[in-house]
Every structure is written in structure tokens, then in C-alpha cells.
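A.B. asks: Chain by chain, the residues:
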Amino acid sequence: EPEVTQTPSHQVTQMGQEVILRCVPISNHLYFYWYRQILGQKVEFLVSFYNNEISEKSEIFDDQFSVERPDGSNFTLKIRSTKLEDSAMYFCASTGTAGEETQYFGPGTRLLVL
Amino acid sequence: GNSVTQMEGPVTLSEEAFLTINCTYTATGYPSLFWYVQYPGEGLQLLLKATKADDKGSNKGFEATYRKETTSFHLEKGSVQVSDSAVYFCALSVRSGGGADGLTFGKGTHLIIQP
Numbered sequence: 001e002p003e004v005t006q007t008p009s010h011q012v013t014q015m016g017q018e019v020i021l022r023c024v025p026i027s028n029h030l031y032f033y034w035y036r037q038i039l040g041q042k043v044e045f046l047v048s049f050y051n052n053e054i055s056e057k058s059e060i061f062d063d064q065f066s067v068e069r070p071d072g073s074n075f076t077l078k079i080r081s082t083k084l085e086d087s088a089m090y091f092c093a094s095t096g097t098a099g100e101e102t103q104y105f106g107p108g109t110r111l112l113v114l
Numbered sequence: 001g002n003s004v005t006q007m008e009g010p011v012t013l014s015e016e017a018f019l020t021i022n023c024t025y026t027a028t029g030y031p032s033l034f035w036y037v038q039y040p041g042e043g044l045q046l047l048l049k050a051t052k053a054d055d056k057g058s059n060k061g062f063e064a065t066y067r068k069e070t071t072s073f074h075l076e077k078g079s080v081q082v083s084d085s086a087v088y089f090c091a092l093s094v095r096s097g098g099g100a101d102g103l104t105f106g107k108g109t110h111l112i113i114q115p
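So the protein sequences, as listed, match chains F and G. 1 is the number of the first residue of the first sequence in my numbering; add one for each residue after it. 1 is the number of the first residue of the second sequence in my numbering; add one for each residue after it.
Just so you know, these hints were derived from the structure itself, not from any lab. For each residue, glycine too, the CB sits at the ideal point set by N, CA and C. Among these hints, one or two may not hold up.
Using C-beta positions, here's what the derived DEER-type ranges look like [to be verified]:
1) F:P8 with G:Y30: 47 to 55 angstroms
2) F:G16 with G:S58: 18 to 26 angstroms
3) F:L84 with G:S79: 38 to 46 angstroms
4) F:P70 with G:E69: 45 to 53 angstroms
5) F:M15 with G:T26: 33 to 41 angstroms
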């Protein structure tokens, strides 16, 4: 069964460093998403992406964040200068069409900023 | 704005007990409602969904009915198993016309089933 994959599974970085989280969505899917979950808190929507541009973004998704689909398979989330409060689990998701409401999630990347 | 409220956990039950996890929502427009489950060390998996009022979603013995009058989508299972131990998330999405709608999640309920 096709699945969304994410790398790395864990990343530790120093405050102020740039990190890139990678996702490979399901191959024929067209809509891509990033969410984050700070420890003990709810899963929060960050951004959605379609047709090589951002479709929707939340208040959390400020200028420190960017997304890119550099090739036909990868979907990345970049945090330019990490802060302590960026420590969280980051989930990627994808869905096939605009009418498809089921989002398929990856296993997540646990980011720890020291 | 949109929000989802679900009961706090952890919820601890014995095997074969009846399970209810409450979920209520507020939304602008007509949301679709979802339950996702997260097993230890894994990502979020869709458990069931309902897209309009009075629809019932069901999967793996779990059920939830979309109740517009009470803005609720409570998750139920008649007889839980140890393997049901996981974190359960209630979520909604509201069609905005753009197609790529983000989900709004509740905080999650940690369910622990004891043998």
C-alpha cells in the first residue's frame, strides 16, 4: 500500500540553525500539507501546497518557514533560523484531489532545538 | 474560527469494555469530520470519517455519527481490545473552495486498554 514517508525521523539542531525536513508524498497525489505537534499539545496545520504554490497557510507559518517541491517526488519544509519553540513533531500529509478529503499522513519528524 | 474539543485523557479501560470518546466542534460552514488514530511510534492514520449531518462513519468496530444539532462526533466501540491502545484525534475540515484545506485537530485522547 502506498504511504507517505518522512526523513529524518529525528533531528537535533542548535538554535539559529537552518533545518530542512523532507517528505515523499504518495506518488499520484497533488495536494501536500505540513502540520506540527508540540509535545502535549494538539496537531496544528501549518501550510498546504498545490500546483507548485502555497494554497493556504496558518498564522504559525511565518517568514521563518518555507516549502518547496524541488522535484517530482520530494516536498520539503525549511525553517530558516530555528528557535527553541520550534521543537515539535512535524507531520507531512498528502491527498489526491480537491474533492478527496482524506489526508494521508507520514510518520513524522521529531525536531529538537537546543 | 474552527475548533475541536475532545475529552482529556488518558482514558484507561479494561479489555472488552465499552468505549466513548467525546468530540464537539465549532465551524464556519459545513465541515467534514474525522477520527484519526496514532499508534505508538507511528503517524496519524484515518480511522473513520463523515461528510454530512447524520452520516455514520465506521471502521474496525469503531463508529461515530455526525450530529449537527449537538455539533458532536463522538467515537464509540462496543468492546475494546488491548491493540486499540493509541492516541485518538478528532478533526474537521471546511471546504474553502481552494481545495487544499487544512485539518483542525483536537488535542487527542490517549486510550489505554488493560488486559
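A.B. asks: Of the hints stated earlier, which fail here?
C.D. replies: Going through the list in order, the structure violates hints 1, 2 and respects the others.
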